[in-house]
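Chains A and B, in that order, are what the protein sequence lines are. With our numbering applied, the first sequence corresponds to residues 20 to 132, in that order. With our numbering applied, the second sequence corresponds to residues 3 to 114, in that order.
Think of the hints as simulated: they come from the structure by calculation, not from any bench. The reader is advised that the hints may include incorrect statements.
Subject to a maximum C-alpha distance of 30 Å in a straight line, what follows is the list of computed BS3-like cross-link-like pairs (lysine-lysine) [unchecked claim]:
#1 A:K24 x A:K73
#2 A:K90 x A:K24
#3 B:K46 x A:K75
#4 A:K90 x B:K43
#5 B:K43 x A:K87
#6 A:K90 x B:K80
#7 A:K24 x B:K46
#8 B:K80 x B:K43
#9 A:K87 x A:K24
#10 B:K56 x B:K46
#11 B:K17 x B:K56
#12 A:K87 x B:K46
#13 A:K24 x B:K43
#14 B:K17 x B:K80
#15 A:K24 x B:K56
#16 B:K46 x B:K17
#17 B:K53 x B:K80
#18 B:K46 x A:K73
#19 B:K43 x A:K75
Computed from a prediction, not measured in an experiment: that's the story for all the values here.
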Amino acid sequence: DQQVKQNSPSLSVQEGRISILNCDYTNSMFDYFLWYKKYPAEGPTFLISISSIKDKNEDGRFTVFLNKSAKHLSLHIVPSQPGDSAVYFCAASDVFGNEKLTFGTGTRLTIIP
Amino acid sequence: EAGVTQFPSHSVIEKGQTVTLRCDPISGHDNLYWYRRVMGKEIKFLLHFVKESKQDESGMPNNRFLAERTGGTYSTLKVQPAELEDSGVYFCASSRSYNEQFFGPGTRLTVL
Chain A
20 DQQVKQNSPS LSVQEGRISI LNCDYTNSMF DYFLWYKKYP AEGPTFLISI SSIKDKNEDG
80 RFTVFLNKSA KHLSLHIVPS QPGDSAVYFC AASDVFGNEK LTFGTGTRLT IIP
Chain B
3 EAGVTQFPSH SVIEKGQTVT LRCDPISGHD NLYWYRRVMG KEIKFLLHFV KESKQDESGM
63 PNNRFLAERT GGTYSTLKVQ PAELEDSGVY FCASSRSYNE QFFGPGTRLT VL
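If we strip away everything but chain A, and leave its shape as in the complex, we get (with noise of 0.2 Å):
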């Protein structure tokens, strides 16, 4: 029973434009979110988060919306540079950031020149 999932595989940006990546969740216990990327044969890299009490937190070039009641959270790349391409994984977890991490299957982004 998958708990934490991101429907689309792949996704494919034109360079300079938004890229939205989707996740949903079924557990109501989660209450902290993070974006992990990762590029081939490297380990997964911590790329933004947002707690439960939050609906939007920003860094730099990504945002992260968080819609509580629809159990549902978007990651959104703006504008998208080629080296934004990797897959991008969605995890959460039920204490702030110190338990273990339930990811998703990840979604393979393509930023394209």
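Fit chain B to the given chain A structure using the hints.
Below, chain B alone, put in the same frame as chain A:
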């Protein structure tokens, strides 16, 4: 600050053999986690150490997997005997208390 390191980067073994994976966390990180990604699926939690103690081992698949963290520094994950379904990429991560987890590059295990 050095990152999380894992050894080996790749391991190819026969079914029934034993393999030991090693993880060196970032210095000063009390929390150490093991995860596994099988066949391009989601990254799944295996277990969590706080210093040398197992805080949560609910994700360990079965008793063929044994994790240790003697002295609260590096950790090993032993698979004995290995089965075909154990193939995948094993990630280690570490964190200070209440902070993001930093991942190592992973060990790709192939069981033939």
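Hints, one by one, checked against the model:
1. Under the criterion of a C-alpha separation no larger than 30 Å, the hint pairing K24 of chain A with K73 of chain A is consistent with the structure, at around 21 Å.
2. Straight-line distance between C-alpha atoms of K90 of chain A and K24 of chain A comes to about 11 Å, which keeps the hinted pair within the 30 Å bound.
3. Simply put, K46 of chain B and K75 of chain A have alpha-carbon atoms about 26 Å apart, close enough for the 30 Å limit, and the pair holds.
4. Between K90 of chain A and K43 of chain B, the direct Cα distance comes to roughly 21 Å. Compliance with the 30 Å bound is thereby established for this hinted pair.
5. Among the hinted pairs, K43 of chain B with K87 of chain A is consistent with the structure: their alpha-carbon atoms are about 25 Å apart, no more than 30 Å.
6. Among the hinted pairs, K90 of chain A with K80 of chain B is inconsistent with the structure: their alpha-carbon atoms are about 37 Å apart, more than 30 Å.
7. Pair hint K24 of chain A plus K46 of chain B holds up; C-alpha atoms about 13 Å apart against a cutoff of 30 Å.
8. Among the hinted pairs, K80 of chain B with K43 of chain B is consistent with the structure: their alpha-carbon atoms are about 22 Å apart, no more than 30 Å.
9. Between K87 of chain A and K24 of chain A the alpha-carbon distance is near 15 Å, which keeps this suggested pair within the 30 Å criterion.
10. This hinted pair checks out: K56 of chain B and K46 of chain B have alpha carbons roughly 17 Å apart, not beyond 30 Å.
11. The hinted pair formed by K17 of chain B and K56 of chain B meets the criterion: a straight-line CA distance of about 28 Å does not exceed 30 Å.
12. Straight-line distance between C-alpha atoms of K87 of chain A and K46 of chain B comes to about 23 Å, which keeps the hinted pair within the 30 Å bound.
13. Between K24 of chain A and K43 of chain B the alpha-carbon distance is near 11 Å, which keeps this suggested pair within the 30 Å criterion.
14. A C-alpha spacing of about 14 Å is found between K17 of chain B and K80 of chain B, which places the hinted pair at or below 30 Å, so the restraint holds.
15. A hinted pair counts as satisfied when its Cα atoms are at most 30 Å apart, and K24 of chain A with K56 of chain B qualifies at roughly 28 Å.
16. Between K46 of chain B and K17 of chain B, the direct Cα distance comes to roughly 22 Å. Compliance with the 30 Å bound is thereby established for this hinted pair.
17. Of the supplied pair hints, the one linking K53 of chain B and K80 of chain B holds, its CA atoms being roughly 18 Å apart against a limit of 30 Å.
18. Of the supplied pair hints, the one linking K46 of chain B and K73 of chain A holds, its CA atoms being roughly 26 Å apart against a limit of 30 Å.
19. Straight-line distance between C-alpha atoms of K43 of chain B and K75 of chain A comes to about 28 Å, which keeps the hinted pair within the 30 Å bound.
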